[in-house]
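Asks: Residue numbers for the sequence shown, in our numbering: 11 to 355.
Treat the hints as calculated values from the structure; they're not laboratory data.
C-beta: ideal position from N, C-alpha, C; glycine also.
Do not rely on the hints blindly, as some may be mistaken.
Across the chosen pairs, the derived CB separations fall in these ranges [what the hints assert, rightly or not]: (1) Gly-343 to Glu-91: 31 to 37 Å; (2) Gln-317 to Arg-164: 26 to 32 Å; (3) Thr-270 to Thr-69: 23 to 29 Å; (4) Pro-127 to Leu-276: 29 to 35 Å; (5) Asp-296 to Gly-102: 42 to 48 Å; (6) Asn-52 to Val-291: 53 to 59 Å; (7) Glu-285 to Gly-343: 29 to 35 Å; (8) Gly-280 to Gly-102: 41 to 47 Å; (9) Thr-270 to Asn-52: 15 to 21 Å.
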Amino acid sequence: MTASLEQLRRCHFAVDLGAARTRVYVKGAGLVVDQPSAAAVNTRTGALIAVGEFAEKMTGRTPHYIRVVRPVSGGTVVDIEMAQRMLRHLLGDKIRRQLRRKPFLRAAACTPHDADPLAQRAAIETLVGLGARRVELVDTLIAAAVGCGLPVERPEATMIMVCGAAATQVAVLSLGSIVTAERIPVGGEAVDHAIVQHLRHEHELMLPSQSVRPLQVALSGNGLTSQGPASTEIHGRDVATGLARSVQVDTAAVRDAIETPLTAVLDGIGRVLRECPPDLVADLADRGIMMVGGSALLPGFDQMLRQATGMPVHIADRPDICAAQGLGAMLEGKIEPLTLDPLGA
Numbered sequence: 011m012t013a014s015l016e017q018l019r020r021c022h023f024a025v026d027l028g029a030a031r032t033r034v035y036v037k038g039a040g041l042v043v044d045q046p047s048a049a050a051v052n053t054r055t056g057a058l059i060a061v062g063e064f065a066e067k068m069t070g071r072t073p074h075y076i077r078v079v080r081p082v083s084g085g086t087v088v089d090i091e092m093a094q095r096m097l098r099h100l101l102g103d104k105i106r107r108q109l110r111r112k113p114f115l116r117a118a119a120c121t122p123h124d125a126d127p128l129a130q131r132a133a134i135e136t137l138v139g140l141g142a143r144r145v146e147l148v149d150t151l152i153a154a155a156v157g158c159g160l161p162v163e164r165p166e167a168t169m170i171m172v173c174g175a176a177a178t179q180v181a182v183l184s185l186g187s188i189v190t191a192e193r194i195p196v197g198g199e200a201v202d203h204a205i206v207q208h209l210r211h212e213h214e215l216m217l218p219s220q221s222v223r224p225l226q227v228a229l230s231g232n233g234l235t236s237q238g239p240a241s242t243e244i245h246g247r248d249v250a251t252g253l254a255r256s257v258q259v260d261t262a263a264v265r266d267a268i269e270t271p272l273t274a275v276l277d278g279i280g281r282v283l284r285e286c287p288p289d290l291v292a293d294l295a296d297r298g299i300m301m302v303g304g305s306a307l308l309p310g311f312d313q314m315l316r317q318a319t320g321m322p323v324h325i326a327d328r329p330d331i332c333a334a335q336g337l338g339a340m341l342e343g344k345i346e347p348l349t350l351d352p353l354g355a
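The task is simple: from the sequences and hints, build the whole structure.
Replies: Put into structure tokens, the structure is as follows:
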């Protein structure tokens with residue numbers, strides 16, 4: 011359940027724990043952490059070796075006794091102890107000392123739409139382990155809408171699409187609340203997996219763990235449309251021989267592979283619109299869809315949505331940090347609630 015604005019104004023810091031990246035906003039200091047949600051652990055001693063960017067770079071490049079773990083999956087904390095250790099190191103001693111000086115430390119955290127009680131409890135326990143005496147939970151859809159400047163408190167429809175690493179969330183908002191919403195278990199990781207499988211089956215090529223994003227970038231700004239480049243060169247390992255090999259990949263075939271998981275996203279948008287009241291759908295015909303989240307930057311994704319829905323599609327200025335910015339705006343008291351005074355008899 012989303013906390014009230016009055017409760018959020020009392021919070022001292024906010025955390026957006028995502029499957030791909032972790033962001034921390036400290037009241038009065040701004041966004042102090044924006045790092046990958048990864049930690050490298052020595053399995054022999056249990057010692058934490060690296061977190062964030064450095065741990066991400068170690069993925070697939072470590073000896074057998076060093077394991078890179080991700081304590082967050084699909085916006086849900088799956089390893090509370092590791093998430094706490096990761097957050098402590100990402101915050102650093104200086105920020106943690108500043109937070110510990112607060113007499114009654116309050117925190118806020120983003121949770122996916124319709125997160126079950128266990129997922130909510132995991133988020134609360136993670137921040138309690140950092141010293142928080144009280145934790146307020148905010149729906150990611152509300153936080154992201156506030157962060158990208160949508161007028162969520164007005165009596166008119168706004169549609170937001172949060173494109174995460176493990177899931178995509180779509181919602182129609184009005185009067186500061188969610189009217190209809192859908193959580194689709196397809197995100198940037200599903201797109202990466204589709205590309206990896208395509209190259210394995212069609213070209214017998216295995217990609218290094220760090221090379222999928224450069225492949226998407228190689229599709230250029232019109233990646234999911236026919237105006238993109240005809241082919242691109244990809245380096246990887248031959249499945250049969252294990253030797254390094256380069257192949258010329260037809261980007262039209264890659265686009266077909268990418269569009270398969272994205273069809274589920276289009277179906278989810280259709281379900282949200284069908285459940286939405288007609289008056290709000292009429293608003294959306296003019297206002298369109300606002301895309302936020304790291305996967306919103308997938309080349310040509312916005313054009314694909316525009317063609318499929320016939321509605322305007324916009325990408326936020328900084329789509330990857332919108333949820334953290336929205337939490338920060340609520341903490342700083344920059345959002346004024348819409349007051350609905352009861353009428354007298």
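Asks: A separate judgement is required for each hint: does it hold in the structure or not?
Replies: Structure-based check of each hint:
Between Gly-343 and Glu-91 the beta carbons are some 34 Å apart, a value that agrees with the proposed interval 31 to 37 Å. Judged by the Cβ atoms, the range 26 to 32 Å given for Gln-317 and Arg-164 holds: they are separated by roughly 29 Å. For Thr-270 paired with Thr-69, a C-beta distance near 25 Å keeps the hint of 23 to 29 Å intact. Hint check: Pro-127 to Leu-276, Cβ distance near 31 Å, so the stated range 29 to 35 Å holds.
For Asp-296 and Gly-102, the Cβ-Cβ distance of about 46 Å falls inside the hinted range of 42 to 48 Å, so the restraint holds. A hinted range of 53 to 59 Å holds for the C-beta pair Asn-52 and Val-291, which are about 54 Å apart. In this structure the supplied range 29 to 35 Å holds for Glu-285 paired with Gly-343, their Cβ-Cβ distance being about 33 Å. Taken as a hint, the range 41 to 47 Å holds for the pair Gly-280 and Gly-102, whose Cβ atoms sit roughly 45 Å apart.
For Thr-270 and Asn-52, the Cβ-Cβ distance of about 39 Å falls outside the hinted range of 15 to 21 Å, so the restraint is violated.
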